[in-house]
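K.L.:
Could you slot chains B, C and D onto chain A? The hints should help.
Chains as they are written, first to last, in my numbering: chain A, 30 to 202; chain B, 30 to 202; chain C, 30 to 202; chain D, 30 to 202.
Note that these hints are calculated values from the structure, not bench results.
It is possible that part of the hints are untrue.
Put simply, identical chains are the same to the list, so a pair is met inside one copy or across any two.
Here are the computed lysine-lysine pairs in the DSSO-like style, where the Cα-Cα straight-line distance is at most 27 angstroms [claimed, not checked]: (1) 163 / 57; (2) 166 / 79; (3) 79 / 158; (4) 158 / 57; (5) 149 / 163; (6) 57 / 79; (7) 57 / 166; (8) 149 / 166; (9) 79 / 163.
Number of protein chains: 4
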Amino acid sequence: MRPGTCGSARSGGRAPILVVRATMTHVKPRHFTVDQLHAYLIEIFPQVWKSGDLRIEDLAPMAATVRLIHHPRHLRYGGTIAGPAMFALCDVALYVAILGEVGPVAHAVTTNVSINFLRKPAPADLIGKARLIKLGKRLAVGEVEIYSEGTSDMVAHATGTYSIPARGESAVQ
Amino acid sequence: MRPGTCGSARSGGRAPILVVRATMTHVKPRHFTVDQLHAYLIEIFPQVWKSGDLRIEDLAPMAATVRLIHHPRHLRYGGTIAGPAMFALCDVALYVAILGEVGPVAHAVTTNVSINFLRKPAPADLIGKARLIKLGKRLAVGEVEIYSEGTSDMVAHATGTYSIPARGESAVQ
Amino acid sequence: MRPGTCGSARSGGRAPILVVRATMTHVKPRHFTVDQLHAYLIEIFPQVWKSGDLRIEDLAPMAATVRLIHHPRHLRYGGTIAGPAMFALCDVALYVAILGEVGPVAHAVTTNVSINFLRKPAPADLIGKARLIKLGKRLAVGEVEIYSEGTSDMVAHATGTYSIPARGESAVQ
Amino acid sequence: MRPGTCGSARSGGRAPILVVRATMTHVKPRHFTVDQLHAYLIEIFPQVWKSGDLRIEDLAPMAATVRLIHHPRHLRYGGTIAGPAMFALCDVALYVAILGEVGPVAHAVTTNVSINFLRKPAPADLIGKARLIKLGKRLAVGEVEIYSEGTSDMVAHATGTYSIPARGESAVQ
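Isolated chain A (complex conformation):
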């Protein structure tokens, strides 16, 4: 086994990652560790990531888990968490899953989201579990399940599509 670098042309020379490659099996190098992706996101989306309300809990192949830390400003009439806050968590969780899989494609943009609000969440952290169900050259489609921390009943569910621009292009529209 020997350390190597992440060699994907799509990472464009950014953020080399030390990975240990097992000689017998082929492990696809990940573009980011959680900390590296977090640092990248703070750099390109400071308004969203600098506050510390969002945390990447996990990155896995075609998947990501993001936590939205509870804050009174997310609350709405009746003590529920605002729909837009839950929408934002879905949007971010998909984006994190895509970057985790594809690399630093900062210009990837949401083209479509469909979200169902299922149950009133408790005033607690929300956990968004995203998985990509399709990753093409130009479009990624994923779904996100949102849970109140510590419960097993889904509070919201969304599917969303992202457009991933080719290098040098704006997002395909």
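P.N.:
Below, chains B, C and D without anything else, positioned relative to chain A:
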């Protein structure tokens, strides 16, 4: 013609509205003027309405127009306006249209939204035009078109469903 | 252990099911076996179920699997399977899951579906796997994954909402 | 004024259309008349268009109206028209609007549809009115309103996205 009060049982005695009823034609009294609805919203959703970023531009039968005043915190990488901010405007515009039509049903909650992001908006105010396409006893369905102020190309489009609870009940789910 | 009947008031006296109840654990009696539900569906939706193109492969708590047998009439230009045929499979799979869970609520109607077509399916049977993510008194929300038989890449994914009428009422709208 | 032919490169030499161009104003030549588009659709989608159940009522810039003639096979339990039949009408109406605007892009495929079923339609013809709200190089987004003939209350509403392949490519996914 004589002034009268808004007599709908559903308004529950709140906010009487002086309307002029033409004796020859029947005009359905509106539950709120724009200012009254604005005051009601500040009372029940201060986190959203106190900042002054949102303004009700117009209320009409089965319709409402809401403005989201531009602010740097809505911006994202590349100078575009965040998806969640546009989602929030759709959500609010539908809610305003429903309250304008039904009265102070503060517990009405979004159950489903499908939103398409069509064009990158300019860093300018966003105008959300909502119209209700169906208003039943328990469910309201509407669509919202979002425009950058001063342009005619839609930047986003959404359809959404709200659940309207009966008096004394929580929202039907 | 002793045999018993399905006692849910909502089944309205139809199609009693013999179940064996383990004395030590409580197994919720299912409203239908696969064959019973199939017979019920042929009775209420002959146009859909009599042709034999649809088969219930499995019923489980909050879930159902339905097969759409391939037929040339489902094909479209380029050899792909028509979107409406895939939509119909999603719709049916959710309906089957709901009836399997709730009983013979024939008047349950679809209120909303959002469907993503991900990959061109092969001209083969389609397998629709539905799971209910929420089952309330009046609304059920579920998701469906569609696969071409024998493959593991999803060809379509949908989420849908059904309105379940109370006895004697038409579907809540 | 003089007659001219449709010169768009995208029509690839098919189906020249005689148009009368006003010398003072510029009218963009349409790719198809209603009859020409109907003939093209019968050729590429005989399973859908040969039966005569579907008729193009109107083609206009960025819009199309399609009629689904009522037939007992579309009926469901309780006398309502099947969701899949209404979905198919939405899908077709968008496709017709796209071809009317772009030309014979037979490989254009639906990538996403979100549909709301609003009211139970009468057992009558359905009229689907599609308008494109965005037409990019690779993606088209439109909405469709469905009415029962002779009524003004919408029975269903959908928004959908189509992927339009570049010449020689399969649909962008």
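K.L.:
Next, verify each hint and record whether it holds.
P.N.:
Okay, the hints, checked on the actual structure:
| no. | hint | result |
| --- | --- | --- |
| 1 | 163 / 57 | within (18 angstroms within a copy, 37 angstroms between copies) |
| 2 | 166 / 79 | neither (30 angstroms within a copy, 36 angstroms between copies) |
| 3 | 79 / 158 | within (21 angstroms within a copy, 32 angstroms between copies) |
| 4 | 158 / 57 | within (22 angstroms within a copy, 30 angstroms between copies) |
| 5 | 149 / 163 | between (30 angstroms within a copy, 12 angstroms between copies) |
| 6 | 57 / 79 | neither (30 angstroms within a copy, 49 angstroms between copies) |
| 7 | 57 / 166 | within (18 angstroms within a copy, 33 angstroms between copies) |
| 8 | 149 / 166 | between (37 angstroms within a copy, 15 angstroms between copies) |
| 9 | 79 / 163 | neither (30 angstroms within a copy, 34 angstroms between copies) |
In summary, the numbered hints that this structure violates are 2, 6 and 9.
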